[in-house]
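Participant: Put together the whole structure using the sequences plus the hints.
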Amino acid sequence: MRRTLLALCLFTGLAQAAEPLTIDVHRDANCGCCTAWIEHLQANGFVVNDHVENDMSAVKQRLGVPPRLASCHTGVIDGKFVEGHVPAADILKLRQRPDLLGAAVPGMPMGSPGMEYGDRVDAYQVIGLDSERQDVVLSDYPAN
Numbered sequence: 001m002r003r004t005l006l007a008l009c010l011f012t013g014l015a016q017a018a019e020p021l022t023i024d025v026h027r028d029a030n031c032g033c034c035t036a037w038i039e040h041l042q043a044n045g046f047v048v049n050d051h052v053e054n055d056m057s058a059v060k061q062r063l064g065v066p067p068r069l070a071s072c073h074t075g076v077i078d079g080k081f082v083e084g085h086v087p088a089a090d091i092l093k094l095r096q097r098p099d100l101l102g103a104a105v106p107g108m109p110m111g112s113p114g115m116e117y118g119d120r121v122d123a124y125q126v127i128g129l130d131s132e133r134q135d136v137v138l139s140d141y142p143a144n
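For what it's worth, our numbering labels the leading residue of the sequence shown as 1, then goes sequentially.
Source of the hints: derived by calculation from the structure; they are not laboratory data. Here the structure is a predicted model, which is why all the values come from computation and not from measurement. Check the hints yourself; a few may be wrong.
[Claimed, not checked] With a cut-off of at most 25 Å between alpha-carbon atoms, the simulated SDA-like pairs for lysine to any residue come out as follows:
no. : residue 1 : residue 2
1   : K93       : G64
2   : K80       : N144
3   : K93       : N30
4   : K80       : Y117
5   : K93       : A29
6   : K93       : N144
7   : K80       : R120
8   : K93       : E39
9   : K80       : R133
10  : K80       : A43
11  : K80       : D24
12  : K93       : D24
13  : K93       : P67
14  : K93       : D140
Facilitator: Set out below in structure tokens:
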């Protein structure tokens, strides 16, 4: 009995550890790069709740995304915003940072997830926003 209970606890712990992360993504209906970013998230194990919005400016304002960090779509995970073409690996970094309100890839840099058109890759940074609304660089991605 004790061995069975131990095995059950171990199996339950592994099953919980393997649960996919869920992210809400708010986007405009006419945005192709937004759906490409959603595909990037899904390919990296995220479950995406896709919300088509009529007023993305209002969504960004409600979620506390500063205009200087704005891009086209906005995700929400663990109550934190994920603005623009943030790589899945950096969303995982964000989840490990309780000091951050969110993360963003400002603009729409070529070569970032969802913006892979042709061979061009722009340099870009993933910027975290701390509780004092200051920018913190989470990652640097070089140009090719």
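Participant: Does each hint hold? Answer for all of them.
Facilitator: Here's how the hints hold up against the structure:
1. For the suggested pair K93 and G64, the alpha carbons sit about 19 Å apart, so the restraint of at most 25 Å is met.
2. For the hint linking K80 to N144, the alpha-carbon distance of about 30 Å lies beyond 25 Å, and the restraint is violated.
3. At most 25 Å may separate the alpha-carbon atoms for a hinted pair to count; K93 and N30 exceed this at roughly 30 Å.
4. For the hint linking K80 to Y117, the alpha-carbon distance of about 28 Å lies beyond 25 Å, and the restraint is violated.
5. Among the hinted pairs, K93 with A29 is inconsistent with the structure: their alpha-carbon atoms are about 28 Å apart, more than 25 Å.
6. Proposed proximity of K93 and N144 is supported: the alpha carbons are some 24 Å apart, at most 25 Å.
7. For a cut-off of 25 Å, the pair hint linking K80 to R120 is broken: about 30 Å separates their Cα positions.
8. For the given pair, K93 sits about 19 Å from E39 by alpha-carbon distance, which is consistent with the 25 Å threshold.
9. Straight-line distance between C-alpha atoms of K80 and R133 comes to about 13 Å, which keeps the hinted pair within the 25 Å bound.
10. Between K80 and A43 the alpha-carbon distance is near 21 Å, which keeps this suggested pair within the 25 Å criterion.
11. Only pairs whose Cα atoms come within 25 Å are accepted, and K80 paired with D24 is accepted, the gap being roughly 10 Å.
12. Annotation: proposed proximity of K93 to D24 holds, straight-line Cα distance about 17 Å (limit 25 Å).
13. Between K93 and P67 the CA atoms are separated by roughly 22 Å; this keeps the pair inside 25 Å, and the hint holds.
14. With a C-alpha separation of about 13 Å, the suggested pairing of K93 with D140 holds against the 25 Å cut-off.
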